[in-house]
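Number of protein chains: 2
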Amino acid sequence: MSNLEIRGATTEDIPAIVAMLADDPLGARRESPDDLAPYLAAFERITSDGGQRLVVAVRDGRTVGTLQLTVIPGLSRQGATRSIIEAVRIHADERGGGLGTQLIEWAVDESRREGCVLVQLTSDATRTDAHRFYERLGFEASHVGFKLAL
Amino acid sequence: MSNLEIRGATTEDIPAIVAMLADDPLGARRESPDDLAPYLAAFERITSDGGQRLVVAVRDGRTVGTLQLTVIPGLSRQGATRSIIEAVRIHADERGGGLGTQLIEWAVDESRREGCVLVQLTSDATRTDAHRFYERLGFEASHVGFKLAL
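Chains as they are written, first to last, in this note's numbering: chain A, 3 to 152; chain B, 3 to 152.
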């Protein structure tokens, strides 16, 4: 567990992030790791949006985890700001080793620093291991997540 | 169904929006419509965030519906931008009259204009009528929504 750093992603991290997105039962069908152009364009959009934090976990110089945090101001719950965690991925070599917990705890701490009163995320209904993981961290499966592809 | 306008919210709309947020089985416990200060402060945060669209539906001069749309650029799904719909409320006088459908269709159209490939939202597990409503509009209940209060 030596030398773990969680920091903002840079352009140089994109190939490793995309490789993690693709190395996943659902991601394998959705990603195109051989063509980085759409990812680099998306990274520009992310970095120019002040509400976004795309981070990587780096251990001994290797990118081993990633997640994206979005801070959303809102009116409901007496003007509460909330955050949304998306695109959590842990490198295959690190799964089960506690890195996922460290990344989510980073996101929760960062959300507190940003004044959020609520952290939320959705997880595909088929990812039952992930559901148990989030419940162990104190998240409550209180909602149904709906998606519409355009 | 005359004279319906869907437009960006202004400060003058905040009392009517807060009244709708509070006139709800879950919102009744969470909102404080007698003290608008936290909502006005939150509205400032929303309007200064380029990723947010807080809209109202106005019929014959009355504010009868609201929702908030957040546009989120991301890396996953080949650099897909997605949108999230939050805080959908329809005035009690208008429920069942098709306004919810019009508001969600506005959000879907706006998401397309913003280049989104996915629209998502979460709905409290107890809101079973809302779940049927979103499924009729083509949304798929594919995910579990987790929340952690800070």
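Hints are computed from structural coordinates only; laboratory data are not their basis.
A couple of the hints might just be wrong.
One copy or any two copies: either way a pair holds, since identical chains are not told apart in the list.
[What the hints assert, rightly or not] Taking lysine to any residue and the SDA-like style, the derived pairs with C-alpha atoms no more than 25 Å apart in a straight line are:
1. 149 <-> 34
2. 149 <-> 97
3. 149 <-> 82
4. 149 <-> 14
Just so we're clear, the structure is a prediction, and the values are computed from it rather than from any experiment.
> 25 Å Cα cut-off: does residue 149 pair with residue 34 within a copy, between copies, both or neither?
Replying inline: Result: close within a single copy only, 22 Å intra versus 31 Å inter.
> Is it within, between, both or neither when you check residue 149 against residue 82 at 25 Å Cα-Cα?
Replying inline: For residue 149 and residue 82, the Cα distance is within 25 Å both inside one copy (24 Å) and across copies (14 Å).
> Under a CA distance limit of 25 Å, which applies to residue 149 and residue 97: within one copy, between copies, both, or neither?
Replying inline: Answer is between; shortest inter-copy Cα gap is 23 Å, intra-copy 27 Å.
> Can you tell me if residue 149 and residue 14 fall within 25 Å by alpha carbon in one copy, between copies, both or neither?
Replying inline: neither (31 Å within a copy, 32 Å between copies)
In summary, the one numbered hint that this structure violates is 4.
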